[in-house]
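Put chains B, C, D, E and F with the ligands on the given structure of chain A with help from the hints.
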Amino acid sequence: MIVELLAVITIMVATMFSVIGVVGFRRLPDVYTRLHATGKVGVLGVVMLLIAAVLVTPLVWSKALVLILLLLVVGPVTAHVLALAAYELGIEMKEGQQDDLQGVFTGITAEKIRLQDTSEGVKRGLFE
Amino acid sequence: MSTLLIGTLYFSLAVHTLLIGYAVWRMWRGENRIDRLMGFDLIGTLILGVLVLIAMIEETSIFIDVGLGLTALGFVGVVALARYAVAGEVE
Amino acid sequence: MGYFTWIVPLTLLYVGLTANAEGLNWIVGLLLATLVTFLMRPEVKPHGIDWWGRAIVSGTRFVVTLLWDLMVSSVQVAGLVINRDIRVHQGIMALPTKHPAKGITVLSAQAITLTPGELVVDIDDEGTMYVHSLNVVAAMESEPAAQAKRVAQLEALFE
Amino acid sequence: MIELHLPLLPILIPLVGSMLLLLLPASWRGPFALGTMVVSLVASSRLLQVVATTGTALVFHAGRWEVVEGVATGITLVGDWLSAMFVVMSQLVMLLGFVYALGCGDKVTGYGSFYTLFLLLVTGLTGTFLTGDLFNLFVFAELLVLSGTLLTAVADDKFGVEAAFKYFYISLLAAAFLLLACGGLYISYGTVNMAQLSVALAAETTPLALIAGGLLLATFMIKSATVPFHFWQPDFHAAAPTPVSATLSSVVVKLGVYGYLRMTTLLFVEQAEILQTILLVVGVVGVVFGGLAAIGTHNMKRMLAYSTLAQVGFILVGIGWGTALSLAAALVFTVNHALIKAAMLMLAGAVASRAPVKSADFEHIVGVGQAHPRMGILFFVGAMGLAGIPPTSGFISKMLIFNSGVAGMGYWSLGLIGVAAILTLVYTMRAFMRVWWVPAEGDLPFKRGDRLWAPALLLLGVVVLGLWAEPLLVVAEATAEWIMKPDPYVEAVLGLVP
Amino acid sequence: MGALLVWVLRKWMPITAARGWLLSIFPLMSLGLLGRAWWLVEDKYLSWSWAWVPAANLNISFYYDALSALFGLMVAGIGVLILIYGGYYFADDKDANRFFAYLLLFMGMMLGVVVAGDLITMFLFWEGTSITSFLLVAYKYKYESARKGAFKALFITGGGGIALLAGSLFLGHIAGGYDFKTIFSQAEVIQQHELYWVVLGLIAFGAFTKSAQVPAHIWLPAAMSAPTPASAYLHSATMVKAGIYLLARLNPALGGTESWFWLLSTVGLVTMVTGAYWGIQQDDLKGLLAYSTISQLGVLTFLIGQETEIAFKALVIGVIAHALFKSALFMCAGIIDHETGTRLLSRLGGLRQSMPITFVVVVMAGLSLAGSPPMFGFLAKETLLATAVHPTLSTATSWLFVLAIVVAAAFKLVQAGLVIVDVFMGEPRDKGVKGHEAPWGMVMAPLLPALASMGVGLLPNTAIVATFFGKAAEAAYGDKVKVSLALWTGINIPLLLSMGAITAGLILFSQRSWLIKREERWSFNRVYDGVLGGMDRLAFWATRTQTGYLRHYLAVMMVAMWVLVLLLWRFDWPTLAPFELFDDTRLEFDLIRLVSLVTIVAAAVTTIVLKRDFGAILALGAVGLSVAVYMAVEPAPDVALVQIVVDLLATVILVLALDRLPREQRRAAQTLQSQISWLRAGIATGGGLLVAGMSYMALSTRPRVSLVTPYYEQSAKALTGASDIVGAVIVDFRALDTLIEITVFSLAGIGVFTLFRWAARKHGDHEAAVANRMEPSLAALMQFSIGERPVSAYLQAVVTMVLPVALVIGGIHMLYGHEQPGDGFTAGVIISLAIGLWYVVFGFRETRRRLWWLRPHGFISLGVLLVIVTGLISMGVEGYFLASVDFGKMIGLPLPEGMKFSSGFLFEVAIASAVVGGVSLILDTLGRPAALAVQIHRAAQAEFDEAEKMDSQ
Amino acid sequence: MVLLTSIGIGMLFGVAIYQMLQRNVIRSAIGIILLGNAINLFLLAAGSQNGLVPAYDKAKDVMPDALPQAFVLTAIVISMGGVAVILAMLYIVSARYGTGDLDEINGLKH
Ligand code: NA
Ligand code: NA
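Just so you know, the protein sequences line up as chains A, B, C, D, E and F, in that order. Our numbering numbers the first residue of the first sequence as 1 and each following residue consecutively. Our numbering numbers the first residue of the second sequence as 1 and each following residue consecutively. Our numbering numbers the first residue of the third sequence as 1 and each following residue consecutively. Our numbering numbers the first residue of the fourth sequence as 1 and each following residue consecutively. Our numbering numbers the first residue of the fifth sequence as 1 and each following residue consecutively. Our numbering numbers the first residue of the sixth sequence as 1 and each following residue consecutively.
By construction, these hints were calculated from the structure, which means they are not laboratory data. Nothing here was measured: the structure is a model prediction, and the numbers come from that model. Ideal placement from N, C-alpha and C gives every residue a C-beta, glycine not left out. Mixed in with the good hints, there may be bad ones.
[Said to hold, decoys possible] Just some of the chain F residues that point at chain D, by a computed CB distance under 10 angstroms: (1) G36; (2) L43; (3) A46; (4) F71; (5) L90; (6) N106.
Just chain A, same shape as in the assembly (with noise of 0.2 angstroms):
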């Protein structure tokens, strides 16, 4: 009873963090912002629902362990990888104020890739 008490409480909660994850994405004002909410806070929310469920239902732990594992793993990097792109395309920050990155980034960015794509773009358009 208590046992299902808590998973009560923890679905409760999960479902908040989703809502509030999706909140996030609907009033952060950019991208950055924005993948705080859904990249981690969504992401705690399923974790909490897969606690739940190994808690109240005959599922197999290990399995809800494995995939909490990965989530933890891939969550945060699939932001990364999004903050990355966002910063390679140029995409500014609303009121930033600081970046660190500005000047030594050695990526590509969009401002290359557009460049490239005027002075050089007719080869590539060429070639494929």
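Below, chains B, C, D, E and F with the ligands without anything else, positioned relative to chain A:
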């Protein structure tokens, strides 16, 4: 399973399902491509939630297996899409 | 022998996923993990038994810290999001790993990113992480110390 | 055990061969593929022989999932008169396609996976004929479509990819129709076994099944390039590598014909009348349209492809009349057309290979034949075959079709196809004259090209079948008699008397 | 036979006149045989039949009676002369062996026609004559006129052939057999049959085209481009008589009716008069003779139409007379052409001195043509006139006939005059034209028939000949005909008319400059050209339907599919379920269904409305995932898993492919979907309605009973050891499907690879770009393709881990495939997508270096072969290919619970192997950085060039 | 739900056809993938919707029909292969013709 638990599950299921709808909307009306991609990723995450909830309702871990596949592959998809969004997409 | 750093977790993964703890399944898992490791041919160096002990201890501690951080800062972010007046002081700051091992950089990045409010955008060749933070001013103050703690925790794994 | 597996072997042998080819060194692939085809043809001939001697169908329940309490539980392969006949016909022509490929100068035959793809084409086609399961037919048809597409896409012809692309698109539509039909039938009757469906459809036809019938018909019309589902065909058959195109336009289109026969005589027997009327109309339209388009087009292979529309039209008219006589005539026509069209396309390819610019466009091949009179003789015989002039087997087919029309009182359609038949003479002879009689502009040096063994053998067959048509007719009549009623098929598969 | 021999002996054939003498042995033999045969049968007939195709009731049969003999002897007899003549004509032509081969072949065919015993046999030979005639007319095929003439002849006689075939089949159908004896015995039945007119029309049409009756006559003048021996033989003496023979042969069965009479009389007379008139308008000697032949053929047709004894008497006389004098004239025309180099009347003249013998021959034959005594031609005309004034005819008819005949006869006299006077008398109109006499053998050939023509005329009542003619006429007439060959039968109406005709002819000839126009006038050639032109125009428009636009094709097919469905379905609705928002017992499931359906549709619509391709692809991915949700609720976890796997794979492949497409092009393409096409929308709606309707019917008729599934549910565990029933269906119950399915999938992999390796570098388009222009920016390209950009160490580390994890998960899917969702397929895709991720992150080369075991082709081959080998082992164990066998149990292998070492397991491994191979190939090729693709292309090219070099050596 | 499900599947199919008829090659490729989805959804939803628990042995309740599921699995795999090939061909065609417009890929006509 108690009625309370089942009610909670149904509630959560309903919420998650509706959130998926929002995510799709977001994918349609995203600010930029990363935003859309985030929407896509979010759909994956929420679907995983739905799968877990179904697994609880059905009391079977079969759906967890499905979720495992979704998680592993969703990652691959998002990474590939992100790399593409930078280098491949045209205005 | 160094391959065991791969074989063991993979076997655990197998047994976890098949959820069948009988001895025969362990054997099958071991065989499968060995096969996979053989196919991957990772570049690893052999470790002594003592390393395994330390690894387990510090690894567990790392994960627990991680989960705690996750919980705490999720709540913080939740508060931020629900707040009627969203005010972020975002920015990207440079954060050196302070350890030459690549593994530490990776695990640190993982830990940082998992923590809501902070997110690694890029890592350069020297191991400097560029962290996006919802409150960059606060992070600038707290993060170097936190990073030093992480390095201390993980150092044992990458000596 | 071999006997038991006879309906499987013609599918399995090319499949195994195709996969082994991937492991073989390049120079062995051609001969090995040819050997595979020979073995496969032996198996399929044996199948036909056993069917002929036992007078019933050979049924193979794959994986021994047999009929349990009157229900077919697995996939059945059925070698009956119809399927065995079609398999032998197509594998024979395919074999000669391989012979041609070995002596063919196309670059495509040197590509690593050419013979693998070709053997998979054989597998797919054979499978569609032999399977007794509608969904399994879909799977085999996809194999067929995909291998054909790829073979054409890599053809030397620079339009190969475009043709393949369009064909594949349209085939996807066909696959969608077929799947919808499978779904409709399964939902209505809970089975996709053709024998079982036959019983169920005879007992009651649901509206859903009727829609499925329409979709199935559309599918087969796409497969056999029946007007107005033919658009892919001239492009595809003209652009495919010659050895492949020779088999596509001759036997692969016959999949549709096979489908019509199964539909009207096994599945939708109750609806046979309306189906036959539809086939009759599209058949006549095809004869006229195909003939005209063949006259109007600019490329010899394309001409032959359009000609296939017309020739298949004749077959459809035969099926449309629906009498035992006309079915037999349609079957004879089917076989003869397969041989003739394959030979003609090979010759068109051979001409193209000897042209200064490798192309079958008439503007490039004018006068090319003058240095190659023997090829001209072959082409002339083939042209006679297409036009239905004795002593070729084309005459026998044309005569039988006309005769069945006379006996079956299909007068108006007979009249129309009779008038349209002259079109065949026009385009074949014009093509012949352009290549062999019109002097080329400037000097055409003698140029070696693709070997002529395969078309020569095919045309020898055409003449032999023209002079000694008895065996083919006996088979065709037995087949027609066998398919006139669905009961023997159903009994052979399900082991019950409906 | 002879033709074959010519071909065989062509190397040794003397290229001299002797060739003709040599070859004339064949017709001589035929002549002898036919004559001998005639002696044997005397006044009966000889018949022989062989069951050719018993299954279709077809026989090869011969029927030899006086009529056959008459034509046969004519064919063989003139054949002898023609061959001798041809030997001289082609004395120094090496190529002419071909001519003799065709000619002998024709001779055989023609003899076949006249001795055929049934309609089918006759048709076989009939078509043979058309074809050989085609070849002979086009003998000088390099000239356009020869080709055109040949084609015209073939087109018209070929069309007639089709009619004849149809007519024969109708006739055979009515009479109950094709052989003449049966048909004759059924004359009553035939004439009373409602399809009599069809038979008559078709057969007459066939005969008319062959025998050059107006308006189908136009091929005959055009066929004059044939070498003269062929013209003389085919186009005057023999082939054109085939139609006459056919009509005469069938007269007993078809003749005697009103329609027969009017049809043949009208056509015959019109042909007779117009042929005669047009004949004198010709400048070309052979053209003149051709029209004269047409006229004569009209006469013969007319005669068959009459139902009187005298007509058939006239017929046989006419046939032979014409054959004799016309072949003689043709041969002379050939001699003139051969010796002077021209056949134009406007250039010839005064050849009397230089070619005396020829002159004599022409005079004899010409007189016969003119129908003047004492020639055979006179006799022919006399009997013809006698027919016209036969008392059975009504007076008006009779006078009409007589008038026509007299007019035609007068014109013919003019023709004869032209040939004799204009060519041989006076001075040459063209001074350059000089003639000299031909070799004796060449002149002898026409001399003989000319003499014969006179001989028959001068030696009347030769008993044997008369009897023979009588018998022949009798065979055609069907009753006794007494033929007398007396030239002088007293002064009677025919004689008077004949005299009148001669007088009229002489007057006309003297005034010929007024009569002869020799200019282009309207003729039926215009009709022919019109028909061909119209056909070509129609053909042009037929090919225009092939527009080249794929979407046209798809649209037409969709509409046509709807039509087919409607034709069968006819709006037959089952009882449909009433509308209920939720009907599942569990509301929340219906809710998920509803939401996922809304999501599916919304995301699908999004793929249309989003301007950028990237967004559309994301939306597409969302559609797939939502479908997976719907499937999971079904509940169909197995399917949902595969749907997810495939959806993500498709998305990845799509972006990889998209990445390779040129940016300019894509930018341009993106602007294409701005406005909505209503036609497109209409067709799409149609398709949607159909599927919606089908779904509604299907869901309304639930719950239905599956015949098979209960069996699967009961026996899956027991018979295959699988808990997952869907899995059991896949790898056991329907293993054959799966075998082919993975073959298809592997094939796709091989295909993508093959396409990129080979098709992508056709015709220089790719290669040129690659080799010349790409070199400088190779490094830049490497950077910009997805696969080879530097990524952070963090991502690298995670991605590195993904592959071993994927391998373990894949392994579990294979090992426990029959216990849980997932199977070999999902295992394969998961593993290969992880490999794909490696490509994206580490680049292609590094990945391939580290994954040394990745050999896609080998994986495919091994995968499919493993299935087959497993199937074969099962076959060894259970006696059935693909039977389910638990090998683990067989060999007592200890295994964890739920794991099986069975055929199903091997199947899963095989599937995984093939899928890894297939997907790797796809990702390899699509995901491979472009610059690297260049290198690989180049390597492939080098390899291929090497192979080609080897081949050519 | 019956009607709504039907409408949903129908709309998906309709959108698929609409996309296939588009001129932009990418959109038409998307159309093909959607078509596969529509068909699979039809087969599964219409073909087997009457179960409460997954089709596994010893199920406690009514199972959905396993056979259409197997059909869908097979169809999914096959259409996946097809999609890969069509994309590869698309690439080659548009490279050869230098266009992403299907209407300009019409070298073969008449
Ligand atoms: Na499965
Ligand atoms: Na499974």
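Taking the hints in turn, this is what the structure says about them:
The beta carbon of F/G36 comes within 8 angstroms of a beta carbon in chain D, closer than 10 angstroms, and the hint placing it at the interface holds. The restraint placing F/L43 at the interface with chain D holds, with a minimum CB-CB distance near 5 angstroms, inside the 10 angstroms limit. Here the hint on F/A46 is kept, as its CB sits about 6 angstroms from the closest CB of chain D, short of 10 angstroms. Hint status for F/F71 relative to chain D: holds, with the closest Cβ pair at about 6 angstroms, below 10 angstroms.
Because the beta carbon of F/L90 sits about 7 angstroms from the nearest beta carbon in chain D, less than 10 angstroms, this interface hint is met. Contact between F/N106 and chain D, as hinted, is supported at the beta carbon level, the nearest pair being about 8 angstroms apart and thus within 10 angstroms.
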